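*Asks:* Chain residues, written in single-letter form:
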Amino acid sequence: MMNTHKPLSELAKTIRSKNAGTDKITFDVIFRERDTYELVKRSKALTPRSVCEILNIDESRLTDFVEYDPAYAIKFTILRLRPSGSAGDADIFGAQQYAPFLDVEVDMTA
Amino acid sequence: MASLKIICPNGHLGFAPLKTGSFHLGVAAKPDFIAADSGSDDIGPVPLGHDTCASPKAWQEHDLEEMLLAARKIGVPMMIGSAGDTGTNSRVDMYVQIIRDLAAKHDLPPFRIGWFYSEVSHDYVRAKIRGGSAITGLDAREDLTEEELDATSRIVAMAGVHPFRKLLEEGCDVIIGGRSSDSAIFAAAALHKGYPEAQSYYLGKVLECASFCAEPYGAKETVLGEITADHVEVTAMAPEQRCTVASVAGHAMYERSNPFHEYVAGGLLDMTHCHYDQVSEKTTRVTGMEFVPAPQFRVKLEGSGKVGERFVGMAGIRDPYTIANVDAVIDWARQQTVDRFGPDGWELHYSVFGRNGVMGDMEPLRDKPGHELCIVVQGVAPTREMAEEVTMTGTRQLFYARLPDVKGTAGGVSFVLDEVLAASPAYRWTLNHTMAVDDPLELFPTHTAMVGREGA
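In order, the protein sequence lines correspond to chains A and B.
Using the working numbering, the letters of the first sequence correspond one by one to residues 1 to 110.
Using the working numbering, the letters of the second sequence correspond one by one to residues 1 to 456.
Please keep in mind that the hints were generated in silico from the structure rather than gathered at the bench.
A couple of the hints might just be wrong.
[What the hints assert, rightly or not] In the DSSO-like style, the derived pairs of lysine-lysine whose C-alpha atoms are separated by at most 30 Å in a straight line are: (1) B:Lys368 / A:Lys6; (2) A:Lys18 / B:Lys306; (3) A:Lys44 / B:Lys368; (4) A:Lys18 / B:Lys19.
Values in this document were obtained by computation on a predicted structure and should not be read as measured data.
Model the full assembly from the supplied sequences, consistent with the hints where possible.
*Replies:* This is the structure we're talking about:
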């Protein structure tokens, strides 16, 4: 079927990642309108399982997954394998880990 | 209705200079306090462990000068937490000296400065462990062991409102804090003036990152928070920014794993039932916050331990066959280092940019490298001399890697520099824990002095 899916980057106002303390990285996907937020929730494009698959990590590393209605946001947090800024860590701020979520396909018929 | 106003010009003072236009608009709005936090654990473990700043001193002086001159001009207290990025004792002393120098430079009338320290000794923490009071790990960490404590170079405790309130009660006009919970700086001012805990801590929470609670995005702009006994209102000072329901509610989740709860020394700010109203174009009002006092007084500790001296090397690759076999190239260089130095006692870290340098094993496209790669090599060893040689071996041997079918036999990688660069030593976060204390002030000794014309 054509045009029944859209990438998350076209639907969300903000898609970002950032340290949450020294041992975690948190991801925020924020929508401008309530309708879009509710649609993406219904589509199940982002679930605890799907975000771990996208990041190729074991689900035990996912510490939080929250649908945060006041800000029309889906928010999830993962444990780092080593604390931020350890030698070899290429993203001390955790600020460039969100890119794979730009391309997540959302079923617009949900 | 009685209210109190605080402005915050910068979410991490000194990390990038505050924008003066919106700050001056904020000062013109006649705030009762001017406050900012200067710290973050975002900057990695090196500044804390090595006792350095993450930012140029000139940027920190710029922000402190703007804030000091404004605060003295309108006669309100200025409060700074987490001096010099980390809030170590040396950074507090540095900020106090900057304030003294600025007072002399501008010939300011006398004022009272207060400051407090946050460093915690190894002996103090060791006594807690041996006394059976566990140093509890946060974020899935184990409780602290003496072995890990011994591996730690420096420890700071995260102050709550208590040392700030003590210094306000002593009449300080300028306060320089050691490591501080950023929301506590603002909350202390509101609590000092008699406002309730829930609204006070929420005021701190919403102001701590300055214009990150406004839209459109634009950092280092001033925001103004106003508290009453019932609500908090937050207003963007930059002409192009607004504090909206979306931007203020959205800020509650910034840099934190849970958008509903904020833990501070002494309790928990619960934002689950917060209600947001747009009360004017640039202002959002928040009600419904709650504060839950903690059953036991626990203080967060941050600690950083030295791993070794560090150098950095770089190499580029353009040959598609070499790119397809980059892991074998790296294995070769690593093996040459093993042959030279033995299997342990040093570290080599390779980040392969153009393949998965930024995301490592989490990169979905790790099997689709670009047409050229940059390898960043980090070598770590006990001495600078050895770290330099480890890094040089791990970098230059990329050039000599033996791939069976390579056409280019004159050199396997490109070099921007045929040398390796001295970097900061490698440290790691050893403590992200909490510790029980009997007295909220015992880790945070306070001091005051007069500064300015007569008192200089």
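*Asks:* Now, for every hint given, state plainly whether the structure supports it.
*Replies:* Comparing the hints with the structure gives:
The straight-line distance between the Cα atoms of lysine 368 (chain B) and lysine 6 (chain A) is roughly 23 Å, inside the 30 Å bound, and the hint therefore holds. The suggested pairing of lysine 18 (chain A) with lysine 306 (chain B) holds, with an alpha-carbon distance near 24 Å, which does not exceed 30 Å. Distance hint between lysine 44 (chain A) and lysine 368 (chain B) is fulfilled; the C-alpha atoms sit about 27 Å from each other, no more than 30 Å. With a CA separation close to 23 Å, the supplied pair lysine 18 (chain A) and lysine 19 (chain B) stays within the 30 Å bound.
When the structure is compared with the earlier hints, no violation turns up for any of them.
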